[in-house]
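Following the hints, complete the assembly by docking chains D, X and W onto the known chain R.
Same order as they appear, the protein sequences are chains R, D, X and W.
Residue numbering for the first sequence follows the numbering used here, starting at 13 and increasing by one per position.
Residue numbering for the second sequence follows the numbering used here, starting at 13 and increasing by one per position.
Residue numbering for the third sequence follows the numbering used here, starting at 13 and increasing by one per position.
Residue numbering for the fourth sequence follows the numbering used here, starting at 13 and increasing by one per position.
Hint data in this document are derived by calculation from the structure and do not stem from the laboratory.
Positions of the beta carbon are idealized from the N, C-alpha and C atoms, including for glycine.
Treat the hints with care, since some could be wrong.
[What the hints assert, rightly or not] To be clear about the criterion: a stretch of chain R counts as covered by chain W if any three or more of its residues have a C-beta under 8 Å from a C-beta of chain W, and this derived list gives those stretches:
#	region
1	69–79
2	206–219
[As the list claims (entries may be wrong)] Chain W is nowhere near these chain R residues, computed Cβ spacing over 12 Å in every case:
#	residue
3	S364
4	Q397
5	P410
6	P411
[Said to hold, decoys possible] Computed list of lysine to any residue pairs in SDA-like fashion (alpha-carbon distance at most 25 Å, straight line):
#	chain 1	residue 1	chain 2	residue 2
7	W	K138	X	Q176
8	W	K138	X	Q207
9	W	K263	X	A188
10	W	K169	R	Q176
11	D	K169	X	W137
12	D	K138	R	S173
13	D	K73	R	R231
14	X	K73	D	T152
15	X	K73	D	R231
16	R	K73	W	A188
17	X	K169	W	S173
18	X	K169	W	S178
19	W	K138	X	G129
20	R	K187	D	K73
21	W	K73	X	P220
22	D	K263	R	A188
23	X	K169	W	I165
24	X	K138	D	R174
25	R	K169	D	N202
26	R	K169	D	W209
27	W	K263	X	M194
There are 4 protein chains.
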Amino acid sequence: MEEFSAGSGLSGLADRAADGGGLTKEQLLLAGLTHSAPTAPLQLNRTANVTPGLRYRNLGKSGLRVSNIGLGTWPTFSPNVTEEQAEQIIVLAVESGINAFDLSEAHSGTRAEVELGRILTRRGWKRTTFIVTTKIYWSTRSEERGLSRKHIIESVKASLSRLQLSYIDVVIVHKADPMCPMEEVVRAMNYVINQGWVMYWGTARWSPVEIMEAYTNCRQFNCVTPIVEQAEYHLFCREKTELHMPELYNKIGVGLMAWSPISMGLSQSKDDSTIQLFSRASFRNKYSSFSWTEDETAAANKEGYGWMKERSQPAEESRKYSERIRELNSLAERLGCSLAQLTIAWTLKNESVQCLLLGASNVDQLYESIQALQLIPKLNVSMVQDIEKILENKPTRPPMVSTLALR
Amino acid sequence: MEEFSAGSGLSGLADRAADGGGLTKEQLLLAGLTHSAPTAPLQLNRTANVTPGLRYRNLGKSGLRVSNIGLGTWPTFSPNVTEEQAEQIIVLAVESGINAFDLSEAHSGTRAEVELGRILTRRGWKRTTFIVTTKIYWSTRSEERGLSRKHIIESVKASLSRLQLSYIDVVIVHKADPMCPMEEVVRAMNYVINQGWVMYWGTARWSPVEIMEAYTNCRQFNCVTPIVEQAEYHLFCREKTELHMPELYNKIGVGLMAWSPISMGLSQSKDDSTIQLFSRASFRNKYSSFSWTEDETAAANKEGYGWMKERSQPAEESRKYSERIRELNSLAERLGCSLAQLTIAWTLKNESVQCLLLGASNVDQLYESIQALQLIPKLNVSMVQDIEKILENKPTRPPMVSTLALR
Amino acid sequence: MEEFSAGSGLSGLADRAADGGGLTKEQLLLAGLTHSAPTAPLQLNRTANVTPGLRYRNLGKSGLRVSNIGLGTWPTFSPNVTEEQAEQIIVLAVESGINAFDLSEAHSGTRAEVELGRILTRRGWKRTTFIVTTKIYWSTRSEERGLSRKHIIESVKASLSRLQLSYIDVVIVHKADPMCPMEEVVRAMNYVINQGWVMYWGTARWSPVEIMEAYTNCRQFNCVTPIVEQAEYHLFCREKTELHMPELYNKIGVGLMAWSPISMGLSQSKDDSTIQLFSRASFRNKYSSFSWTEDETAAANKEGYGWMKERSQPAEESRKYSERIRELNSLAERLGCSLAQLTIAWTLKNESVQCLLLGASNVDQLYESIQALQLIPKLNVSMVQDIEKILENKPTRPPMVSTLALR
Amino acid sequence: MEEFSAGSGLSGLADRAADGGGLTKEQLLLAGLTHSAPTAPLQLNRTANVTPGLRYRNLGKSGLRVSNIGLGTWPTFSPNVTEEQAEQIIVLAVESGINAFDLSEAHSGTRAEVELGRILTRRGWKRTTFIVTTKIYWSTRSEERGLSRKHIIESVKASLSRLQLSYIDVVIVHKADPMCPMEEVVRAMNYVINQGWVMYWGTARWSPVEIMEAYTNCRQFNCVTPIVEQAEYHLFCREKTELHMPELYNKIGVGLMAWSPISMGLSQSKDDSTIQLFSRASFRNKYSSFSWTEDETAAANKEGYGWMKERSQPAEESRKYSERIRELNSLAERLGCSLAQLTIAWTLKNESVQCLLLGASNVDQLYESIQALQLIPKLNVSMVQDIEKILENKPTRPPMVSTLALR
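With the rest of the complex left out, here is chain R:
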C-alpha cells in the first residue's frame, strides 16, 4: 500500500489493477464498480495508520471513534462470495485501519452476523479494536409483528448469539414504526444498553422529525439518546444529508453514517451499468432526491446482481441522468480515478459524513474503494463547483414564509 502514501494520486491503483487483470484504461476508471480482477492472495501487513486519508472521527457527539470509512458487509456476505473471500475482505478492512463493520438484516439476512461472528472469533482480534453495528429490522409488510419492546429485545439477543459477542457497539433501529409509541422504543433501547448488550443506539431511514421525537422522549424519560442516523447519500441523493443532518448534529448530537449503492459497490460492469445503476434508483423516499429502497436492493440480492432490467421511467429523466453521468465520467477521467471513486471522495468531502460505508464482494473492489480517500484533497473549491454545475441538484430549503404575509 506504500506506493499510495507518497501522494502520487491514484495512478498506482491503475498500475496495480492493470498488472493484475490486464484491463483497459477505461475499465479501470470504473474499477470501483468492478470486481473482475482475479483475487490475489492477501499479504498485507497491518499498516493501518499509513492508509492515506483514513481518519478517526467521533460518531455523532458521542465519544465513540469510528474510521471515516466503514465496511458495509451486505455485498461481502452475499451468496456468491465464499466464506474465505469474505474473510479476506474483512482482513483487508482491518489492516487498512477500518474499525467499523455494519450488518444489515434487511439486505443480507441473518447469515452476515453468523459469518462475521465466526471470522471475528477465528481471527481473535481484541474486542476493543473493532466496532460492530447491526440493525433491528422489522417487516413493514407483515401486520403480525412491528417494532416493539418484545421485538427489540428479541432481536438484540438473537444478534448477540449469532455474532458470538457479549455486546454490540451500535444497534440501529431500521425504520420507525408509526404504530409503536416512541416512549416504548427509547425505553427498550435504554434497556438493552443498561443490560450491557449494547453500547450505543442509532437509527436508519428515520425522518428528521422522528429522530427529534426520539430525542425528546429520551430527555423526558431520562434515557440514553441516539448517536447516529444511517442514511443514503451520494451525488444524486442529497437532501436529507445536506439540509437536515447538520441541524440534527448541532442540536442533538446525532451524526451520520452514510451509504449508497455506489459506495457499496453494487455493480459489476461498465459505463452503461453505472448509468443504469443510478437511473434505476427510485424516487420514493421523501428525504432524498434520488434514493434506493429496500425493495429494489432485496430484489438485487435475490437475483444475484443479474437484475439490470429496464423498468419504466420518464424518458426525459433518464436521458438527463445519462448525460450527467457522462460528464462526471469525463471529470473522473481527468482526475485519474473511476466514477465510483469520485463519488466516494465527494461524499467524504462533506463534513456531516462521519463514516461512509463501503461495500465489496472481493478484495480488489474494497482496495480500490479505499484508494478514493486520497482523492479527497484533490476536490478543491473549483472542482466542487464543477461538479455542482454538472449535477444542478444542490438542495435548498424553501424560503421561510412569514405567517404574517399570509394574513
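Showing chains D, X and W alone in chain R's frame:
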C-alpha cells in the same frame, strides 16, 4: 379450513360438525357452548394467515401485536381435559394464527403454567412467535398476604420457573390491593421488567380510577406504564368496556383484552344451560351490569362444570334474561350460527376490544369459536340495532350535573 | 394451644407452666421473664390462624404483611442455647403464625444469620411464607469504617451468603452515620433493592429528623423509600414511639417495629431482676426516656446474662422505679398475668406498633410471651388509665412557642 | 514499630536505618528518596492502629474511609522490583494500617493490576478491609480511541479481570476528553457502578471546571457524583490544591487524593538528585506552578530511574530552585528528617488532602515515608511560616475585577 375463506358464511362449520358428530341442527347452533363432538385427530397445516377475520392489533398503545382472538387457557388445562387434548387445542390455536395465550392462576391454579410450559418446550415454537400473558394473583380473603413487592417478585419468578420461559410477555396484576401503595406496585412491575423477566404489564379487574392512579404513579417515578386491562365483556356486561375503556385507551394508552364465560366456552349442553349460564352470573362487580366473579368460576372449576344448580335470584330478573336469550337465539339462527358465536362476533365488533380470549376444552369447541370471526362483517348497522333492541342495556353516562346548578 | 383459644384468659398458661415446672404462683407471674421450666418436646400442629390475637398488618405503608408479633432472634442464637433448642423456638414461632424473623449483628453477631439460614434450609419452608429482617451494622467506635456504599453492599452480600437466601425481605440500617451523606445511603439501599437482594429497607435507632432526611433524599433521587423504623418501646421508654412515629407513619409511610429488653425476655429470675432490668437501662438515647444502649446489651451478651451487677444510679430515681414496678406487678397479678406479659400487651395496644419483636431463649418463654396477645382486649380504657397513673410518664410535646412572642 | 509511637521524633528512624545499612547522616536525611538499604526480612505484626499519625478520613463527602496515606503502586510494580519485594511492600502497607492502594495504567501499565491481584488473592485479606483505586486511561496521543462509553466499560471489565476482584472501590477517569460529551462519561460511570463493578468514581488531572461540569451532568441525569480528584500536590505545585480543591469539596463534595514525584519516592540518590528531581518537573500543567506530566514519568519508568539527564531549562529558574531546596534541606536537617519526609508531612498538613499517595520500590523506603506522619505535629505555625518564606510561592486568587470598572 379453506372452505371458510370463500366467505360462505358458517355453513361449512355446520357441515363439518355434522359429518364428524352427527349432531342435530339445533345442537350445532349452540356448538360454541358445546364439546360433545368426538375429538378428531388434528391434521391441519399452518395456514395462519388464511384464517378469515383473524387480525393482529397493537395491544393498547404499545408496539406489541396480538391476534384479535387469544386463547384463555383456563378451560383447556382443567381437570377433565387430558394433556394430549390440551396440546391439540394449543396447536389448533397456533395454526389458526392465534399468538396470545392467557393464563390465570385464579381460575386454573398453577397447573396451567406447568402444562403450557411443557407444550411450548415440546413443540419448540420460536419464542418470537407467541405471547404469554399470566397473572399476579393474591387472595383477597386472607389477611396474611396481599399485593406487595415481595409477592409480585415471588409470583413472577415462580411463573417463569413453571413456564420454563426466560421471560413472560405480559404480566397482569389481578385486582388492585387498597392496602398496598400504588408506588410499590408500579416500582415492582418496573423492576420485573428491568430484570428482563417481563416485557409489559397490565391489570385485570381494576377500576378506571385505579388504572389512572397506576399511570400517574408511573409518570411520577419514571416507571413503565401498563398497556392493557383485562375485563369481562359480553352482551350483558357492557358498562366498563363501553363507557370507560375508550377514555383510558385515548388518554393513557391502556387497551382491552376481553373475556366472558361465553367466550371461554364454560357450558356444555343446550339452550337451557345458556340461559342458566347468563342468569347465574352475579351483579357484584360495580363496573359491569352482569358479571362473573372468581368465586363462582372457582366453584365451577372445582365441581367440574357439573355446577349448574339454581341459586336464589330475583324471579323477575331471571324471567327477563330468559326472554332476551330466546330472542338472541332466534337472531343467531337466522344468521346461521350459535348464540355463543353471535356473542363472540358482537364482542369483537367493538373497536375497543383488541383481543378477545376464547376458551375451549376440546378442539372442536375452539374451532367453532374461531369461525365466529367470519360473522363480524355480517353484523351490519341494522343487525347491531336489532341486538340493541333485544338487549335494552346500552350503557350511558349519567348526565353531567353542573355544580353551579346545585347552588 | 387450643386451650387458650376459648378466651379463658391466661389461666391455662399458669396451669401449664405450673404442671411443667412446679413453680410458685409468684414465679409464674414473671413467667415472661423466666425460662426455668424444662423444655418439653414440641408437638404442636400448624394452627397459625387460631393463635388468639395474632394479626397480620402492613409494615408501614408498604404492601408487606407482618404478624403483629415477630421473633427477635438475639436471645435465641445466644451462646447458652443449643441449635436444637433454637430450632424448636423458630418452629414454635412459625406454627404460631409468626412470619417475621429479625436478626441483629449488633447483638448476636453473625452467628445468628448462619444458624437461622441452616434452620430455614433444613425445614424447607416456602420462601413466600416468612419474612427475614436483618441489619447493616457499623461500629460507631472505630474510625476505620462507617456507613458507606461499600459497607452497605458488602454487608448485604455477606448476610445473603450466611443466610443461604437469594434475598432478604427487609434490610435495616442500624444507626445513621453523620459522616456519610444521606444521598449515598439511599442510593446504596436502592441499589441492593434493584439488584434483587433486598425487598424493602428500614432504619433502626434513627432520629425522626434523620428518617425525614432519608425520605427527602429518596424523593430527590427517585429511590425507594424506607418502610420501617425499629425502635425500643415499653412502659418506661415512650417518647419516640408516642410522639414521633405517628407523624412519620402518616406523612411518609414509615411504620414501627418495636422491641424492648422485656419483650426480648432478657431476664431469667424473679421480681428483683425485673426491677434491676428496668433500672439498669440507660438514659442516654435522647429519644427515649428510659432506654437501653447496645453497649449494655453487648455486655449482657458477653457475660451470659449473669450481668446483674449494680452500677451507680441516682438513688432517688432507682427507688421511684422500684415502686412503680411493684404497683405494675400488683396490677398484672389482678389480670392473672406476668409483668412481662402486661408490658407486651400494653405495647401492642398502641396502634403505631405494627410488629413487636419477642425474644426467647427457650420454647416456654416464647409460648408465654405469645399468650400476652390475649391480654390486649382486657386493656380497656380504665385499665390503661390505671397504668398511666402508675407510670406518670406520658410524653407530651412541648407547647409551640410562637417566634412572634420571642421578638 | 513501637519505638516510634513514643513520640520520640524521627530519631528512631535514623537509628534503624543506620543499623540496617550503615548510611551516613546526610544520606539518612534523604532517606525518603532512597532505597539503598538492603531489604531486611519483614517480621512486623499487624499493629495498624498504633502507627503514629495514621488516621482514617472520609474520601470527599462520601462514606468511604481511607487512611490519610495510601500506597501509590507505580514504583512498587516497576520492572526492577521483584514480585517478592513488591509483596513485602504491600504487606508493610497493610500492617501499617494503610487501606488504600492506587493503580495507574498510565505509569506502570497493566502489569500492576495483575500483580496486585495475585498478592491480594494469595494473602486472602478480607475484601472489606482494603480499598483499590484504579484508572480509566486513554491515550491522548492517538486519535483512534478516546474516552467513550465503550472505552470506559471495556477498561473496567479488563481491570476487574486482571485484579481478580468482583468490584473496584474507586475508578478514576484519567483526564477528561474534550471530544466526549460529559453526559456520556457520567452515564457510563453510573452504569459501571450500577453493574456492581465499581463502588465510587473520581477523576485525575481534571480542571475544576471539568469537575463541576461532571457534577452538573450527574445532577441532570440522576447519576452518582464523583467523590475524588487525584492531583499532584507538593511544595512547588500548589495552585490547584490550595485555591480550587476546598471550593470543590465544600460545594460538591469532591475530595482530594494527592501525589507527587517526591511522595512517590522517584529518586534514588543524594542531594543533587533531589534538586534535579524538582527542577526537572515541567511547567506545562496549567493548574500547577510546577508539575510533572505523564510524558516524563513514562520516560522515567522506561529508563529505569537512570533518567537524570539535564534538559534545557531557564538557568535563572534552575538556580532559584536549587537555592530553595538547599534551604529546605537545612530546615529538614534541623527537624531531624529528610527533605522527602518534610515534603510528605507538609502536604498532609493541608486539610484538603484526605489521602496522600506514597510510593516505594522497597520496604525501607515505604517505612521511612510512613514515619513522616510523626512530623506533622511538629509543623507548627512558625515552622509553616518559615517554609513559606523559603518557598515564596503561596498561590493567591487574582483580585476580582469589577466589570463595572471596565466600562
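Hints versus structure:
no.: 1; hint: 69–79; verdict: holds (count 6)
no.: 2; hint: 206–219; verdict: holds (count 4)
no.: 3; hint: S364; verdict: 17 Å, holds
no.: 4; hint: Q397; verdict: 31 Å, holds
no.: 5; hint: P410; verdict: 33 Å, holds
no.: 6; hint: P411; verdict: 34 Å, holds
no.: 7; hint: W/K138 with X/Q176; verdict: 20 Å, holds
no.: 8; hint: W/K138 with X/Q207; verdict: 23 Å, holds
no.: 9; hint: W/K263 with X/A188; verdict: 22 Å, holds
no.: 10; hint: W/K169 with R/Q176; verdict: 18 Å, holds
no.: 11; hint: D/K169 with X/W137; verdict: 17 Å, holds
no.: 12; hint: D/K138 with R/S173; verdict: 15 Å, holds
no.: 13; hint: D/K73 with R/R231; verdict: 20 Å, holds
no.: 14; hint: X/K73 with D/T152; verdict: 18 Å, holds
no.: 15; hint: X/K73 with D/R231; verdict: 20 Å, holds
no.: 16; hint: R/K73 with W/A188; verdict: 15 Å, holds
no.: 17; hint: X/K169 with W/S173; verdict: 20 Å, holds
no.: 18; hint: X/K169 with W/S178; verdict: 12 Å, holds
no.: 19; hint: W/K138 with X/G129; verdict: 22 Å, holds
no.: 20; hint: R/K187 with D/K73; verdict: 18 Å, holds
no.: 21; hint: W/K73 with X/P220; verdict: 23 Å, holds
no.: 22; hint: D/K263 with R/A188; verdict: 22 Å, holds
no.: 23; hint: X/K169 with W/I165; verdict: 23 Å, holds
no.: 24; hint: X/K138 with D/R174; verdict: 16 Å, holds
no.: 25; hint: R/K169 with D/N202; verdict: 20 Å, holds
no.: 26; hint: R/K169 with D/W209; verdict: 14 Å, holds
no.: 27; hint: W/K263 with X/M194; verdict: 16 Å, holds
The structure shown violates none of the earlier numbered hints.
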